[in-house]
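**Student:** Given only the sequences and the hints, what does the whole structure look like? Please build it.
Chains A and B are the protein sequences, given in the same order.
When you number the first sequence by my numbering, it's gap-free, plus one each residue, and the end is 280.
When you number the second sequence by my numbering, it's gap-free, plus one each residue, and the end is 308.
These aren't lab readings, by the way, just hints derived from the structure by calculation.
Here the structure is a predicted model, which means the values were calculated and not measured.
All C-beta atoms, glycine included, are put in the ideal place defined by N, C-alpha and C.
Check the hints yourself; a few may be wrong.
[Claimed, not checked] Far from chain A, by Cβ distances over 10 Å, these chain B residues were calculated: (1) Trp23; (2) Phe38; (3) Phe47; (4) Gly48; (5) Phe63; (6) Ile97; (7) Arg119; (8) Gly127; (9) Phe158; (10) Glu204; (11) Ala221; (12) Arg254; (13) Gln269.
[Stated by the list, open to error] Here chain A is said to cover these stretches of chain B; the calculated rule only asks that three of the stretch's residues, wherever they fall, bring their Cβ under 8 Å from a Cβ of chain A: (14) 207–218; (15) 260–267; (16) 284–296.
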Amino acid sequence: MKHGLSSGLVFIFSLLLFSIFTVPATAGDLDSLKDLKGNIDIAGGTAHIPVMKDAAKRIMTTYPKITITVAGGGSGVGVQKVAEGLVDIGNAGRPISDKEWTKYPQLKSFPFAVDGVAPAVNPNNTVSNLTSTQIQNIFSGKIDNWKDVGGDDAKIHIYSRDEASGTRSVFWKKCLNKGAVVESANIVASNGAMKVAVSQDRYALGYMSIGHLDHTVKPLSLNSVAPTQENAINGRYPVVRKLYMNTNGAPAPLVKAFIDYVMSSEGAASISNNGYIPLK
Amino acid sequence: MTQQNRNKNRNQKRKRINRPLSWTSKYVEVLLKYATIFSALIVLVLFGFLAYFTLPLFAEGQFAELFSLHWRPFHGEFGILPMIAGTLVLAISALLIAYPLALGICLFIHGLGPRWLTRPILLLVHGMTGIPTVVYGFVAVFLLVPFLRNNFSHGSGFSLLAASLTLSILILPTIVLLINTQLEHIVPALRLTTTALGITRIHELTRVSLPAASYGLLSAAILGFGRAVGDTLIALMVAGNAAQIPERAFDSIRTLTAHIALVVATDSQSTTYHSLFACGVILFLTTTSVNLLLHHIKQRACREGNHE
Numbered sequence: 001m002k003h004g005l006s007s008g009l010v011f012i013f014s015l016l017l018f019s020i021f022t023v024p025a026t027a028g029d030l031d032s033l034k035d036l037k038g039n040i041d042i043a044g045g046t047a048h049i050p051v052m053k054d055a056a057k058r059i060m061t062t063y064p065k066i067t068i069t070v071a072g073g074g075s076g077v078g079v080q081k082v083a084e085g086l087v088d089i090g091n092a093g094r095p096i097s098d099k100e101w102t103k104y105p106q107l108k109s110f111p112f113a114v115d116g117v118a119p120a121v122n123p124n125n126t127v128s129n130l131t132s133t134q135i136q137n138i139f140s141g142k143i144d145n146w147k148d149v150g151g152d153d154a155k156i157h158i159y160s161r162d163e164a165s166g167t168r169s170v171f172w173k174k175c176l177n178k179g180a181v182v183e184s185a186n187i188v189a190s191n192g193a194m195k196v197a198v199s200q201d202r203y204a205l206g207y208m209s210i211g212h213l214d215h216t217v218k219p220l221s222l223n224s225v226a227p228t229q230e231n232a233i234n235g236r237y238p239v240v241r242k243l244y245m246n247t248n249g250a251p252a253p254l255v256k257a258f259i260d261y262v263m264s265s266e267g268a269a270s271i272s273n274n275g276y277i278p279l280k
Numbered sequence: 001m002t003q004q005n006r007n008k009n010r011n012q013k014r015k016r017i018n019r020p021l022s023w024t025s026k027y028v029e030v031l032l033k034y035a036t037i038f039s040a041l042i043v044l045v046l047f048g049f050l051a052y053f054t055l056p057l058f059a060e061g062q063f064a065e066l067f068s069l070h071w072r073p074f075h076g077e078f079g080i081l082p083m084i085a086g087t088l089v090l091a092i093s094a095l096l097i098a099y100p101l102a103l104g105i106c107l108f109i110h111g112l113g114p115r116w117l118t119r120p121i122l123l124l125v126h127g128m129t130g131i132p133t134v135v136y137g138f139v140a141v142f143l144l145v146p147f148l149r150n151n152f153s154h155g156s157g158f159s160l161l162a163a164s165l166t167l168s169i170l171i172l173p174t175i176v177l178l179i180n181t182q183l184e185h186i187v188p189a190l191r192l193t194t195t196a197l198g199i200t201r202i203h204e205l206t207r208v209s210l211p212a213a214s215y216g217l218l219s220a221a222i223l224g225f226g227r228a229v230g231d232t233l234i235a236l237m238v239a240g241n242a243a244q245i246p247e248r249a250f251d252s253i254r255t256l257t258a259h260i261a262l263v264v265a266t267d268s269q270s271t272t273y274h275s276l277f278a279c280g281v282i283l284f285l286t287t288t289s290v291n292l293l294l295h296h297i298k299q300r301a302c303r304e305g306n307h308e
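**Tutor:** The structure is reproduced here in structure tokens:
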């Protein structure tokens with residue numbers, strides 16, 4: 001929440017800067033929004049926010065008659081809010097669940113990007129590769145010392161994510177193979193909090209969205225495949241998920257134009273810049 | 001205050017009440033009455049909603065599963081007992097750390113310490129009440145947690161111990177200010193007598209003033225406990241959030257409040273989501289009973305005060 005607020009302020013501030021320093025320029029992919037006006041409210045998955053904000057910023061500076069608000073809340077909140085008609089687009093970092101389909105059969109889902117999830121350790125850790133079996137054994141508690149997987153003689157501190165996390169969902173399905181996670185594992189509430197925890201704790205093992213990786217943490221290769229955007233695109237790195245925009249029935253013209261813009265080549269460039277892989 | 005004075009006050013109050021009310025004050029009274037009823041209703045409606053949202057759990061026959069020892073929503077286990085235990089253990093241990101400290105500070109202010117330090121200490125405590133919880137949380141994550149991790153090598157440092165130390169600092173000013181208010185009433189009234197009797201400061205405070213303030217001491221403890229149960233952010237940031245029954249001080253634990261904060265963004269049609277409302281009901285009942293207990297204590301204190 002705190003993070004959402006501060007990034008919201010930064011967003012408003014950068015919008016002001018934009019409106020001062022840029023003259024509305026002609027833009028190819030933006031043309032479809034030219035004659036439209038109105039509001040678009042967006043909420044849901046937090047991984048989507050950077051991409052949504054980029055698109056909103058460009059559209060609003062070019063066409064001031066269009067207002068777009070972007071909020072977080074998480075994937076579940078996104079699906080619920082859009083289905084109840086509270087927002088125009090509800091983002092989710094996972095497909096709509098069966099129970100959600102039963103209750104809200106009118107929903108339309110638009111996948112637009114791929115995000116990878118990488119196991120990560122502290123930069124001081126000597127381990128740089130683990131097999132799926134090793135990771136499953138660590139998370140289920142069968143291995144609890146780094147020396148058993150080629151590291152120092154120290155206890156492994158496991159960090160996981162909450163049940164609402166799309167990141168956890170894909171890691172659990174595609175890396176842990178839906179295996180058990182020890183109950184003593186620490187749970188952190190966001191990709192950002194995971195990065196802080198792993199960067200501070202020398203003997204930590206966690207996982208996070210590839211888009212969030214930076215020099216403060218060290219991504220581990222999984223079965224000798226490095227978790228990079230290239231490997232995620234060519235399919236060699238398996239722990240990936242799609243990011244979705246959802247609408248309540250067929251989208252209104254303005255919302256449709258927004259979705260098309262996110263999927264255009266300009267939108268794709270913004271998706272890549274934010275560390276995700278555009279779906280093409 | 002002498003008995004005579006008190007009687008006089010009471011008579012004055014009675015007179016004021018018996019005077020016929022003017023039109024405007026009647027209007028105000030009605031307005032206030034409805035405002036009170038309205039606020040009370042909001043609380044009831046809130047509870048009603050919480051209870052209503054837990055109904056799907058009964059319908060799906062999963063209510064009994066709530067009171068099991070394991071929280072594994074993906075294997076169909078929704079036990080919230082670890083979170084209840086975590087909440088209680090954390091609140092009690094934070095209280096055990098904060099309460100003696102608070103009592104010590106109050107005794108220091110009221111006679112054991114030098115007089116010139118009284119105001120600075122009270123100012124400091126007042127200042128502490130204004131510090132946002134997240135600041136304590138951040139300091140704990142970047143200083144206390146690494147300290148525990150590096151010096152004790154029992155796990156990651158995110159633990160019951162780290163959370164209860166941080167939380168005790170959070171609830172300390174609440175307890176200090178409550179006890180202090182009590183002692184401010186009692187100590188000056190008794191000091192002349194005790195000094196005349198030749199009782200030392202320590203004896204005066206421990207044998208006369210503190211027993212006289214016993215209801216205040218108790219309500220300070222209860223209110224401190226209530227605050228500790230209700231706090232979300234410190235537990236979420238520092239306690240580690242592992243859904244397990246706490247056994248050691250270095251165990252990672254999860255509280256009910258942190259649990260709700262962690263899980264609330266999940267699929268709103270799932271049992272996982274509905275089970276949160278049960279947590280909400282439990283928290284609501286806990287804080288309500290804390291408040292009722294406080295009310296009860298205050299009433300008893302008043303009654304006994306009148307019998308003096």
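**Student:** Any hints from earlier that this structure breaks? Give me their numbers in increasing order, please.
**Tutor:** 9, 12, 13, 14 and 16
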